[in-house]
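Asks: Sequence:
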Amino acid sequence: MPRLNTSPSAADPPRLQAVAPGHRRWLPATLWLLAGLVLGAVFMLYTRPDLVLTLGQQMWSCFGGSVR
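When you line the sequence shown up against the working numbering, it's residues 155 to 222, in that order.
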């Protein structure tokens, strides 16, 4: 089986990194913070009784079906 040449040549375009090396430290912390804020916002929405009733009625009308 022949070996593939994996060394870069002059014709290959330079590859860009998705995240700069200096940003790798704070990126995971920022993503965790964002996820926590989203979860907190969803929790705050569920403390509103009108929203919970509306969601329940919508789910019932979608999946509850009609009584025969």
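Hint data in this document are derived by calculation from the structure and do not stem from the laboratory.
Where is the CB? At the ideal position from N, CA and C, for every residue including glycine.
There's no promise every hint is true.
What the hints assert, rightly or not - Okay, the calculated beta carbon distance ranges per label pair:
no.	residue 1	residue 2	range
1	Trp214	Gly190	29 to 37 angstroms
2	Gly218	Val196	18 to 26 angstroms
3	Val192	Met213	31 to 39 angstroms
4	Phe217	Gly190	40 to 48 angstroms
5	Ala183	Trp214	26 to 34 angstroms
Asks: Now tell me, hint by hint, if it's right for this structure.
Replies: Against the structure, the hints:
no. : hint                                 : verdict
1   : Trp214 to Gly190: 29 to 37 angstroms : holds, 31 angstroms
2   : Gly218 to Val196: 18 to 26 angstroms : holds, 23 angstroms
3   : Val192 to Met213: 31 to 39 angstroms : violated, 21 angstroms
4   : Phe217 to Gly190: 40 to 48 angstroms : violated, 31 angstroms
5   : Ala183 to Trp214: 26 to 34 angstroms : violated, 41 angstroms
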